[in-house]
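Student: In the numbering used here, the protein residues as written are 3 to 337.
Just so you know, these hints were derived from the structure itself, not from any lab. The structure presented is a predicted model; accordingly, all values stated were derived computationally and were not measured. Please note that the accuracy of each hint is not assured.
Below, simulated EDC-like cross-link-like pairs (lysine to aspartate or glutamate); rule was C-alpha separation at most 20 angstroms, straight line [stated by the list, open to error]:
#1 K216 with E287
#2 K283 with E212
#3 K214 with E287
Across the chosen pairs, the derived CB separations fall in these ranges [what the hints assert, rightly or not]:
#4 I293 with L269: 20 to 26 angstroms
#5 C294 with S245: 48 to 54 angstroms
#6 I293 with L168: 51 to 57 angstroms
#7 V124 with T19: 22 to 28 angstroms
All C-beta atoms in this analysis are idealised placements derived from N, C-alpha and C, irrespective of residue type, glycine included.
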Amino acid sequence: MTITKIILLVAVLVSNTIVAITWLSPTNRTATTVLLSMIAFYDTLTMLFSTLWSIVGYFFVVLSYSNDCYLAFVTFNFARVFHVLSSYTTTFLAVQRCVICVFPFAGPRYCRMKSTLLCGLVSIIAVVLVICPRIFISGLGELKVLTNQTSYLCDTDFILSDDAFLEYLNVDNILRFLTIFAPQAIIIICMIICAVTVNRKKIGAGRSSEQKNKVRTTTMLILIMLSYVLGELPSSILFFFISFYPKVQIWLKTGDGIKFCNMSLTLSYLLNIWVYIIMSKQFRESLRGMICREKKQPKKAHVDRVKTPPAAMENLDSQKTADKRTKITTISNKV
Numbered sequence: 003m004t005i006t007k008i009i010l011l012v013a014v015l016v017s018n019t020i021v022a023i024t025w026l027s028p029t030n031r032t033a034t035t036v037l038l039s040m041i042a043f044y045d046t047l048t049m050l051f052s053t054l055w056s057i058v059g060y061f062f063v064v065l066s067y068s069n070d071c072y073l074a075f076v077t078f079n080f081a082r083v084f085h086v087l088s089s090y091t092t093t094f095l096a097v098q099r100c101v102i103c104v105f106p107f108a109g110p111r112y113c114r115m116k117s118t119l120l121c122g123l124v125s126i127i128a129v130v131l132v133i134c135p136r137i138f139i140s141g142l143g144e145l146k147v148l149t150n151q152t153s154y155l156c157d158t159d160f161i162l163s164d165d166a167f168l169e170y171l172n173v174d175n176i177l178r179f180l181t182i183f184a185p186q187a188i189i190i191i192c193m194i195i196c197a198v199t200v201n202r203k204k205i206g207a208g209r210s211s212e213q214k215n216k217v218r219t220t221t222m223l224i225l226i227m228l229s230y231v232l233g234e235l236p237s238s239i240l241f242f243f244i245s246f247y248p249k250v251q252i253w254l255k256t257g258d259g260i261k262f263c264n265m266s267l268t269l270s271y272l273l274n275i276w277v278y279i280i281m282s283k284q285f286r287e288s289l290r291g292m293i294c295r296e297k298k299q300p301k302k303a304h305v306d307r308v309k310t311p312p313a314a315m316e317n318l319d320s321q322k323t324a325d326k327r328t329k330i331t332t333i334s335n336k337v
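Please put together the full structure from these sequences, using the hints given.
Tutor: Structure representation (structure tokens):
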């Protein structure tokens with residue numbers, strides 16, 4: 003499974019790099035494309051750190067080679083942070099498109115670059131506040147293999163006192179709801195509203211070509227939302243049972259179930275670029291321009307003959323005659 007994750011990491015890295023470069027080019031840069039690039043960036047970092055976490059687990063669980071908790075702790079928490087950031091960014095993308103669909107005239111004025119950057123800043127602050135109690139630690143112990151023999155945890159000493167940490171665990175289910183279930187619920191609602199609006203073709207006024215572009219863009223974003231929801235669905239079910247029914251045994255808690263959850267997430271990351279290629283003519287043209295860029299050949303130096311009009315020719319002849327007379331007069335005066 004570790005080798006498979008490394009191969010998938012390379013595929014995600016290549017595809018999301020292409021997505022980010024294409025959407026962030028000056029000709030394509032808008033509030034929507036910046037959000038799509040941020041999602042690609044966060045998904046890539048999530049995949050990177052989760053793969054590193056799997057590699058550490060492979061050396062420990064399978065090979066019994068390393069017992070270092072620090073690398074495992076760092077990679078696990080970074081993967082969690084970027085995963086939540088991707089969820090929040092996708093949620094804001096869904097809300098932004100929903101506002102534009104419901105308010106076709108006023109919506110685009112509020113969903114601009116400033117609101118996008120503000121959303122990114124608020125998302126980072128919110129994630130840091132949510133994960134802070136698990137980051138601030140006083141020491142790390144040894145790695146411990148879980149009962150399913152496919153995962154592991156660090157023996158961690160937190161800065162919080164035992165009573166304070168128990169209180170934190172009591173609200174941890176609420177925090178998981180805010181970071182996992184609430185974004186998906188909001189995205190599903192926005193997706194339904196956008197789908198109804200596209201079906202009725204009520205996205206602003208203007209020429210038919212502009213209407214088609216708006217409908218096509220909204221359809222593309224609906225597919226991105228659907229890809230996110232389907233990719234997160236197995237993991238959401240898993241965390242739901244872990245949070246609220248920890249003693250209930252389901253297939254997703256087994257080693258194969260966890261692999262299935264990770265695979266569904268990875269496939270959703272890889273699916274986005276194909277949605278862009280199929281649905282966005284702008285993305286296809288930019289991608290074709292990057293891949294099939296023609297080499298500029300040097301131009302041959304040549305001089306074009308310019309045809310002079312007859313009137314200009316007469317003026318030129320009279321000027322030459324006047325110059326000759328001036329020269330003759332000057333010579334005669336000298337003599």
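Student: All hints are to be evaluated individually against the structure, with a verdict given for each.
Tutor: To see whether the hints hold, each was checked on the structure:
| no. | hint | verdict |
| --- | --- | --- |
| 1 | K216 with E287 | 18 angstroms, holds |
| 2 | K283 with E212 | 13 angstroms, holds |
| 3 | K214 with E287 | 17 angstroms, holds |
| 4 | I293 with L269: 20 to 26 angstroms | 24 angstroms, holds |
| 5 | C294 with S245: 48 to 54 angstroms | 50 angstroms, holds |
| 6 | I293 with L168: 51 to 57 angstroms | 56 angstroms, holds |
| 7 | V124 with T19: 22 to 28 angstroms | 26 angstroms, holds |
In summary, this structure violates none of the numbered hints.
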